[in-house]
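Colleague: Relying on the hints, combine the two individually framed chains into one complex.
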Amino acid sequence: MPPAGIWIDGLIQSCAYMTMAFGMVLVFSILGILNWTHGQFYMLGAFVVYYAITAVGIPFPLSLLVAGLLVAGLGMLVKKIIIDNITGELYVGATTMGLIFFFEGAASMVFGMQDKGLAMVLPGVLNLGSFSVSYQKIAVVSFTLVIMIILYIMLNYTKIGLAIRATAQQPDAASLYGVSVERLSLIVMGIGCGLAALAGGIIAPLYTISPFIGGIPMLMSLLAIVIGGIGSLTGAIVGGLILGFINCVLAYNLSYFSEVVLFVLVIIILLVRPQGLFGASLK
Amino acid sequence: MMTYIDYKNVVPKAVIGLVILMVVLVPVITRNESTLSILILSGIWAVAVMGFTLVLRAGQFSLGQAAFMAIGGYTSAILTVQMGWSFWPAFLLAGLVSGIVALLVGMVVLRVGGIYFSIITLALCEVVRIIAQQWESVTRGTRGLITSQPNPINLGFYEINFFASSVPYFYLTIGLVALTGLIFWRIGESRLGRSFAGVALNRVLAEHQGMYLMKYRVIAFTVAGVFTGLAGTLYAHFLTVLTPTMLGLWQSIQIMIMSIVGGIGSLVGGPIIGSVLLYTFGSYLTRLEIYGIQQLLFGAVVVLVLLFLPKGTGLVDLWGRFWTKVVWREKEFEFDEGEE
Chain A
1 MPPAGIWIDG LIQSCAYMTM AFGMVLVFSI LGILNWTHGQ FYMLGAFVVY
51 YAITAVGIPF PLSLLVAGLL VAGLGMLVKK IIIDNITGEL YVGATTMGLI
101 FFFEGAASMV FGMQDKGLAM VLPGVLNLGS FSVSYQKIAV VSFTLVIMII
151 LYIMLNYTKI GLAIRATAQQ PDAASLYGVS VERLSLIVMG IGCGLAALAG
201 GIIAPLYTIS PFIGGIPMLM SLLAIVIGGI GSLTGAIVGG LILGFINCVL
251 AYNLSYFSEV VLFVLVIIIL LVRPQGLFGA SLK
Chain B
284 MMTYIDYKNV VPKAVIGLVI LMVVLVPVIT RNESTLSILI LSGIWAVAVM
334 GFTLVLRAGQ FSLGQAAFMA IGGYTSAILT VQMGWSFWPA FLLAGLVSGI
384 VALLVGMVVL RVGGIYFSII TLALCEVVRI IAQQWESVTR GTRGLITSQP
434 NPINLGFYEI NFFASSVPYF YLTIGLVALT GLIFWRIGES RLGRSFAGVA
484 LNRVLAEHQG MYLMKYRVIA FTVAGVFTGL AGTLYAHFLT VLTPTMLGLW
534 QSIQIMIMSI VGGIGSLVGG PIIGSVLLYT FGSYLTRLEI YGIQQLLFGA
584 VVVLVLLFLP KGTGLVDLWG RFWTKVVWRE KEFEFDEGEE
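One line per chain: the protein sequences are A and B, in this order. Mind the numbering: the first sequence is residues 1 to 283 in my numbering, read in order. Mind the numbering: the second sequence is residues 284 to 623 in my numbering, read in order.
The shape of chain B in the complex, shown without the other chains (with noise of 0.2 Å):
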């Protein structure tokens, strides 16, 4: 029998494929640093996001995900600031402190579901604002720490210095984005994927089938927390400044924004696309110079993609459909659900 190759499922993948190494060879094209301090950003949003949109995946709807932000990078920098760590361990331990402060308030606060579920989360970002704003002797209140990058690294051969351009920063965040992205597609292959989503699908049932509602739950709020606190780390030596009203919020309303706008059905490309589509498209506007033209386009191409996207499925959901009713010109079209 001859080996079939099902080209309607390589060619997509082999595009996707291209873009990614597109992404990465950016710095050899160029060298312009706005440029990729927007690409740096909204990859930082987009690892944000992912932990948005697996919590979602969990069936709760967090509004405090920015908090896990403040948290990594408070951790980060008053570690690095006021008691001169080294940027490599203070960017672990910011990821671990946030997944501990995760797995501590969604034991407690986690059983409450629903739109209490975001309140509850709305508040303890408010709260974390308020203390980062008021703990002068640590946080340095509303003034800010001023964080720096990290040091070079020798190499021997070659060295790596954060400070002349953005580049190594730039990878760094591509490495950040690419484990989060590679370990948030895994879960949502898995076992483990499959239970969220049934878990958020049809709670009663799934009970019923012997999955501790709690136990999913608090794991994806745990394993979001963890890469949010990175995201936040990265986020604030790399505007080497952290006060406390960058990560309140009005910011977790972005991180929500972006997921659902890029798409909640996958794990991975949603959240990268909303991101970087978003991040992109709001500081390009900020160029124009008239106050408050930013805002309006911004809320105009939110509640314009909500309107006419596909039963709001998001940006990511164009990508099949492009392949299949332009490219391949198939008259049907079944949504698969959930997966990937």
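This is chain A alone, in the form it adopts within the complex (with noise of 0.2 Å):
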């Protein structure tokens, strides 16, 4: 068995692929594409939330705000400029696999090639006996409870939620009973993108920052949407979870014979359900 803080490192990062993992469900259910450029908008959640923390010294949480509002904002820019003048699937997913050339490329020319560490901005641990935790690991998960917790309400028991869900079942139906899809699939991607760059913003103290790390959130987080059921937010929960323990409790007892785990893992579940764990049938 490996030790709690193993187990509990998992959770951080099921957290992180989560909260990266709606985003991308609510922007693939309502504007039916896959956006390649999530993890770019973590990325950049994680800088918003350093230079207003080191450079303009505003609280963590109100920075936090501050990186979901701005980075949403430039997800709604991506989406008005450049995604709704490209028609088809395949450019849109083309292009958005070139915006992350360019978000990559203009990080590292406004903030730097180098590594960046935030200092703990939450010091301080919880001793639970045998082992301790340090209060922002503990900021990260409940922060990824009260996320949840919004998007369920949201989606259950407000208008907009109605909408959205109504619009991932049927567009056009949804248009004739007086949804703007336009103005509705403007909102979700505005969510999306914030949410992503919350993602970024939460684990930032925790991790290194540099233009280069959304990648691999980028990539788990589309795996546990694929294997979860690609719109279903049940699916990204659970994906999250899968990935984000085989990548530390595995990695733990077979080093980097995991990752070939959680590839093989992951082509296993397609190949017997190709519409994912929750997802609904294609057929």
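Please keep in mind that the hints were generated in silico from the structure rather than gathered at the bench. No experiment lies behind these values; they were computed from the predicted model shown. Hints are not guaranteed to be accurate.
To be verified - Partner residues aside, some chain A positions facing chain B, computed with beta carbon under 10 Å:
#1 ILE86
#2 LEU90
#3 ALA94
#4 VAL121
#5 PRO123
#6 LEU206
#7 THR208
#8 PRO211
#9 LEU223
#10 PHE257
#11 VAL260
#12 LEU262
#13 VAL264
#14 ILE267
#15 LEU270
#16 GLY276
From the three backbone atoms N, C-alpha and C, an ideal C-beta is built for every residue, glycine too.
Modeller: Right, dumping it as structure tokens:
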């Protein structure tokens, strides 16, 4: 059995993947595209938090909010200027992949290539007998829970949530009933990108920050939503938990071999259930 | 009746022929190693991109093409470095191994369609990279295998020396590009190529016409695998070192971008145009000495091309439009879907 710290790290990673995966699921179910630039929004979120704390001196929770709002605005801008003007799933996919290069290049020009570290913004540890957990890690987990609850309430009990669910099922019928699909997809893109930035921001104090940190969380949350079922939030939670724990707990026992296990598991899940664990059947 | 020459058809083809002739004659004009190496590498990418486009023609969106380059490259690198084979049999065997892997993997994986297939191939790509990284006794891990260029061939009257300059390697690459292009062009024109397009455009209709979906997908994937493996071999032996990170997910994405920017409507022209232009552009950008500006401009160009090209059909479509709109000044222009 790996020590408790490893399990907690697994949970932390799952939380980051889940928060990103929620955004991807929302964007996919409304816009019908996979946003490959999601990891770069995560990276930008981390940078905004870093500069808000070190350069401007805003407290951590407020800087998270700033990061979420700024990156959400950027995401909306990307959708309005670029994605709306391109037709075809394939071309949109290629465009968002091109944007990966663009944002990474821009970030390394503006912020520099060196790794940056944010000092613990929430110092102190919680002693739990045989092991201890830092408050930062507790903050990450509770923050993700809060996000989950907010999303749940928003999707199930508000008007916009109803609109999102309706549009995800039947865009044409939803627009007949007075949902402005155009405006809704803009808002959802904003929410999705904002969630990625929040994930980056909340994790930022635990890891180093560089222009290239977006790739692996992006890949992992993509795999998470794909094995969970591409339009399902429950699937995103389960997928995120599976991948986060495999990455940490299995890696403790198997080192590099855990990555092979992870990818082979993904392949097997997709071959057995191509629609994902919680996805609706395609046929 | 007079013989009628359709000059609107012949002249653009003649211009293409002239361009090809010029490319073949590049070593006569300049022996600048950096120009040659850019052309060689973009030729190698062109072959891989053609493979991607063939798989896409059959309706499958593969994000694992770089894995086949890695399999081909590692096969020949291991055979030449660890077992002391000479280059040529290793080169051919690498294509064969890559093709067999593509066949076996494809038979299992290709029945999944759409985005799920992309994710599976993406995972395969990562698995290949991890194996190459960790199987240290064979692949030397992250230190990489030091390959060498083919040994000189003595023809009696003339010695082809691969060590002295890149010119023989340039012709080797051109040969592979030409062979791949010819085969893929023939596939595209043939019944098989039309079947690929049919399977991709309307799967249900194609199946009701008695076309067995998996057969065409596996054929496309295997043919692409063979040539991508050969391209990977050339890549490994040209750069004289092969490390696991050189052919990973990032390179698969690059192949995909080259294909789509070049234009997926054609199996040969689009990939060659896309890879040559993007690779040349990218390698000239690395000379700018500002960190990050290469990626920034590369990404910007990719996005702009996709934003402003007509219907997003890629650069190759500009060729037809240039002749019809600019040169012949025709009012209307019908898009020919599918065939070249």
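Colleague: Determine for every hint whether it applies to the structure shown.
Modeller: Against the structure, the hints come out as follows:
This hint holds: ILE86 of chain A has a C-beta 6 Å from the nearest C-beta of chain B, less than the 10 Å allowed. Hint on LEU90 of chain A holds. Least Cβ distance to chain B is approximately 7 Å, under the 10 Å limit. Interface hint at ALA94 of chain A: satisfied, since its Cβ lies 4 Å from the closest Cβ of chain B, which is below the 10 Å cut-off. Evaluation of the VAL121 of chain A hint against chain B yields a violated restraint, the C-beta minimum of about 27 Å exceeding 10 Å.
Interface restraint check: PRO123 of chain A against chain B, minimum CB-CB distance 33 Å, threshold 10 Å, status violated. With a least beta-carbon distance of about 24 Å to chain B, the hint placing LEU206 of chain A at the interface is violated under the 10 Å criterion. Residue-level restraint check for THR208 of chain A is violated (minimum Cβ-Cβ distance to chain B is 17 Å; threshold 10 Å). A least Cβ separation of about 7 Å between PRO211 of chain A and chain B falls short of the 10 Å threshold, and the interface hint therefore holds.
About 7 Å separates the beta-carbon of LEU223 of chain A from the nearest beta-carbon of chain B, less than 10 Å, and the hint is met. The interface hint given for PHE257 of chain A is met, as the beta carbon of that residue sits about 8 Å from the closest beta carbon of chain B, less than 10 Å. Restraint check, VAL260 of chain A versus chain B: the minimum CB separation of about 6 Å is within 10 Å; hint holds. Residue-level restraint check for LEU262 of chain A holds (minimum Cβ-Cβ distance to chain B is 8 Å; threshold 10 Å).
Because the smallest distance between the Cβ of VAL264 of chain A and any Cβ of chain B comes to about 7 Å, under 10 Å, the interface hint for this residue holds. Checking ILE267 of chain A against chain B by beta carbon gives a least distance of about 5 Å; that is within 10 Å, so the hint holds. Against a cut-off of 10 Å between C-beta atoms, the interface hint on LEU270 of chain A holds, since the closest Cβ of chain B lies about 5 Å away. Against a cut-off of 10 Å between C-beta atoms, the interface hint on GLY276 of chain A holds, since the closest Cβ of chain B lies about 8 Å away.
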